[in-house]
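Enquirer: One line per chain: the protein sequences are H and V, in this order.
Using the numbering used here, the letters of the first sequence correspond one by one to residues 1 to 209.
Using the numbering used here, the letters of the second sequence correspond one by one to residues 1 to 465.
Treat the hints as calculated values from the structure; they're not laboratory data.
Residues from chain H that face chain V, not an exhaustive set, calculated with beta carbons under 7 Å: (1) Val33; (2) Asp107; (3) Ala204; (4) Ser207.
Remember, predicted model here, so these are calculated numbers, not experimental data.
From the three backbone atoms N, C-alpha and C, an ideal C-beta is built for every residue, glycine too.
Listed below are the residues making up each chain.
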Amino acid sequence: MAMQSFTTVTGPAIPLMAANVDTDVIIPIQRLVGTGRDGLGPYAFERLRYNKDGSDNPDFIPNREPYRGSPILLAAENFGCGSSREGAVWALMGMGVRCVIAPSFGDIFFANCFQNGLLPVRLPIEEIRRIAEETGASPGNARTTVDLARQVVVTPTGREIPFQVDGRKKEAMLQGLDDIAMTLKQADAIAAWKARDQAARGWAWESVA
Amino acid sequence: MPSTMFDRIWDQHVVADLGEGWSLLYLDRILVHDLSGGRAMQEVAEAGYKVAEPRHVFATPDHAVSSAPGRTAETFPVGAKLLKSLRARCAAEGVRMFDLGQRGNGIVHVVAPEMAIVLPGLTLACGDSHTCTNGGVGAMAFGIGASELSHALATQTLPQRRPGTFRIRFEGARPAGVTAKDMILAAIGRFSAAAGTGMAIEYAGSAVRAMSLEERLTLCNLSIEMGAKVGMVAPDDTTFEYLAGRDFAPKGRAWEAALADWRRLPSDAEARFTRDEVIEMASIAPQITWGTSPEQVTAVTGHAPRPEEAPDAARARNWQAALDYMGLAPGQPLIGTKVDWVFIGSCTNSRVSDLRAAAEVLRGRKRAEHVTAWVVPGSEKVKAEAEAEGLHHRFLEAGFEWREPGCALCVSANGEAVPPGARCVSTSNRNFVGRQGTGARTHLASPAMAAAAALAGTIVDVRNF
Ligand code: SF4
Numbered sequence: 001m002a003m004q005s006f007t008t009v010t011g012p013a014i015p016l017m018a019a020n021v022d023t024d025v026i027i028p029i030q031r032l033v034g035t036g037r038d039g040l041g042p043y044a045f046e047r048l049r050y051n052k053d054g055s056d057n058p059d060f061i062p063n064r065e066p067y068r069g070s071p072i073l074l075a076a077e078n079f080g081c082g083s084s085r086e087g088a089v090w091a092l093m094g095m096g097v098r099c100v101i102a103p104s105f106g107d108i109f110f111a112n113c114f115q116n117g118l119l120p121v122r123l124p125i126e127e128i129r130r131i132a133e134e135t136g137a138s139p140g141n142a143r144t145t146v147d148l149a150r151q152v153v154v155t156p157t158g159r160e161i162p163f164q165v166d167g168r169k170k171e172a173m174l175q176g177l178d179d180i181a182m183t184l185k186q187a188d189a190i191a192a193w194k195a196r197d198q199a200a201r202g203w204a205w206e207s208v209a
Numbered sequence: 001m002p003s004t005m006f007d008r009i010w011d012q013h014v015v016a017d018l019g020e021g022w023s024l025l026y027l028d029r030i031l032v033h034d035l036s037g038g039r040a041m042q043e044v045a046e047a048g049y050k051v052a053e054p055r056h057v058f059a060t061p062d063h064a065v066s067s068a069p070g071r072t073a074e075t076f077p078v079g080a081k082l083l084k085s086l087r088a089r090c091a092a093e094g095v096r097m098f099d100l101g102q103r104g105n106g107i108v109h110v111v112a113p114e115m116a117i118v119l120p121g122l123t124l125a126c127g128d129s130h131t132c133t134n135g136g137v138g139a140m141a142f143g144i145g146a147s148e149l150s151h152a153l154a155t156q157t158l159p160q161r162r163p164g165t166f167r168i169r170f171e172g173a174r175p176a177g178v179t180a181k182d183m184i185l186a187a188i189g190r191f192s193a194a195a196g197t198g199m200a201i202e203y204a205g206s207a208v209r210a211m212s213l214e215e216r217l218t219l220c221n222l223s224i225e226m227g228a229k230v231g232m233v234a235p236d237d238t239t240f241e242y243l244a245g246r247d248f249a250p251k252g253r254a255w256e257a258a259l260a261d262w263r264r265l266p267s268d269a270e271a272r273f274t275r276d277e278v279i280e281m282a283s284i285a286p287q288i289t290w291g292t293s294p295e296q297v298t299a300v301t302g303h304a305p306r307p308e309e310a311p312d313a314a315r316a317r318n319w320q321a322a323l324d325y326m327g328l329a330p331g332q333p334l335i336g337t338k339v340d341w342v343f344i345g346s347c348t349n350s351r352v353s354d355l356r357a358a359a360e361v362l363r364g365r366k367r368a369e370h371v372t373a374w375v376v377p378g379s380e381k382v383k384a385e386a387e388a389e390g391l392h393h394r395f396l397e398a399g400f401e402w403r404e405p406g407c408a409l410c411v412s413a414n415g416e417a418v419p420p421g422a423r424c425v426s427t428s429n430r431n432f433v434g435r436q437g438t439g440a441r442t443h444l445a446s447p448a449m450a451a452a453a454a455l456a457g458t459i460v461d462v463r464n465f
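Isolated chain H, as found in the complex (with noise of 0.2 Å):
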């Protein structure tokens, strides 16, 4: 429930490039059955970032400088599909994630990123391949800014490309609100909404009594 908020972060975007980057490969299952949330970071992505000696895979790209560490991730479509965990979204946190910015995203992934404070950015494939060239033709310095209040990402070479960001979330995270004491202040709305459906479909509250 504890939401960080989000503002702007900077950093080398990491071209991670793959399509259907499903749950199950940013946190494995067995993580989440023994870890805490807190505990994740060094499992996101276990199956692709050590050797089989548990060393860092040179070949997975977040593992190579300069992004190691950056606070943001380019993906294909699909980012996020599978699971419903939300071990996922706190993994790559853990691992310094805060933005990943993709064509498209699992539905309940992008809303689990809300819930936490990781940026989810939706921009067309030809942009974050551009953000890829542009980052990798200037190693070191090719840093890519991600502004929340602005909605724009600014690519290593300056250019501003906006984002669409809904309302209510961008709120909730540029402040890092607390979405249940937001809802308990429709408590009267609740009550009146359950006083009217027990009268009109008194089956479904009978049944389970």
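Once you have looked at the hints, place chain V with the ligand on chain H.
Expert: Relative to chain H, chain V with the ligand alone:
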């Protein structure tokens, strides 16, 4: 104005308009399981809240429990901790829990329909992506993450944006050997794993109307593998016959009132959907996946693709990576590929009709010597029914293991796994890298196809078997 079933259920559950397209939606039922349930209830309590409607919340441990015959809560010690916390939180909050060995225990999405916890026209959320399964009874059911689960428990509501609607009509007579699993895999193969992202799919058409309720659950189960939030089938007499008399179904006058409401649910004939597609049943053959996404699927008579024939470079790389992981050569026919493991289970295909279909294929034959074959019934109720029919004897005589209910090899969260490099024909729903265990190679298929593969020791076409 004509409206869809989805619209009707949505509109009825709007508690408040939150602006900018958001609605606060009331949840009629919440389901929790061992993997996230105890933790979510713990967080709710720590934040100073209570479970808002404990009588409308149901818990069953399934993910991290051993499926070994004679298992106890402690058989898998890591899961035992999660189970303990679920028990404690359910007791503290007054939430009904179906513990191991009790009637009502089993895979959460198998239990909810079989106990009639989910009913037509209800909204239901659960911290698991395959919650869409429950739409098979005509409910609006969707999966959520851990934070949303805490919110749901503390308020019995969720802020949501209305998804688009997508209708898929399956028309015509069902060809031999084709099951609900083949229908939905074929649809995912045709439309892609992201085609329904964030949408509510309604499955319709003559072939869906002709389906049993359990088959409709299988169909809806894989909606999330198309990216969809919700999958649903309009309720009809098949639905009502299935639900009547079950544990939490309305009784007496309440049943009559419910029936009257349920008959008004189906979409109007003129209702418009954001996207509308038709699949001719005659075009569907038994399916099997070859890759590491459910969209990487083919008729069993097909072959692994050649990356050089991919539509673009990214796809070519992706296909090659999948082939490498799966240990398949480009262009290799799938029939005849050697199989090491067979798993019949999961919320997709572990109901009693699935077990009957698998047992039907056996006809007194034995599994191939080198194959390890597991049957994991979806719930205690399924297990009891199957045993009453003697199905377990038929599996045991064929050399299969007959195990205890739970998710087991579908997700490998319980210490059980397909070994690295081993090839498994599985009736579950995800063939992701490492899903059934590190390095495990998963081919998704129907229960009949899986049983046939166990007998042959290779991938075979169930129609010739
Ligand atoms: S059987 Fe598999 S897909 Fe279904 S709830 Fe369990 S882990 Fe999830």
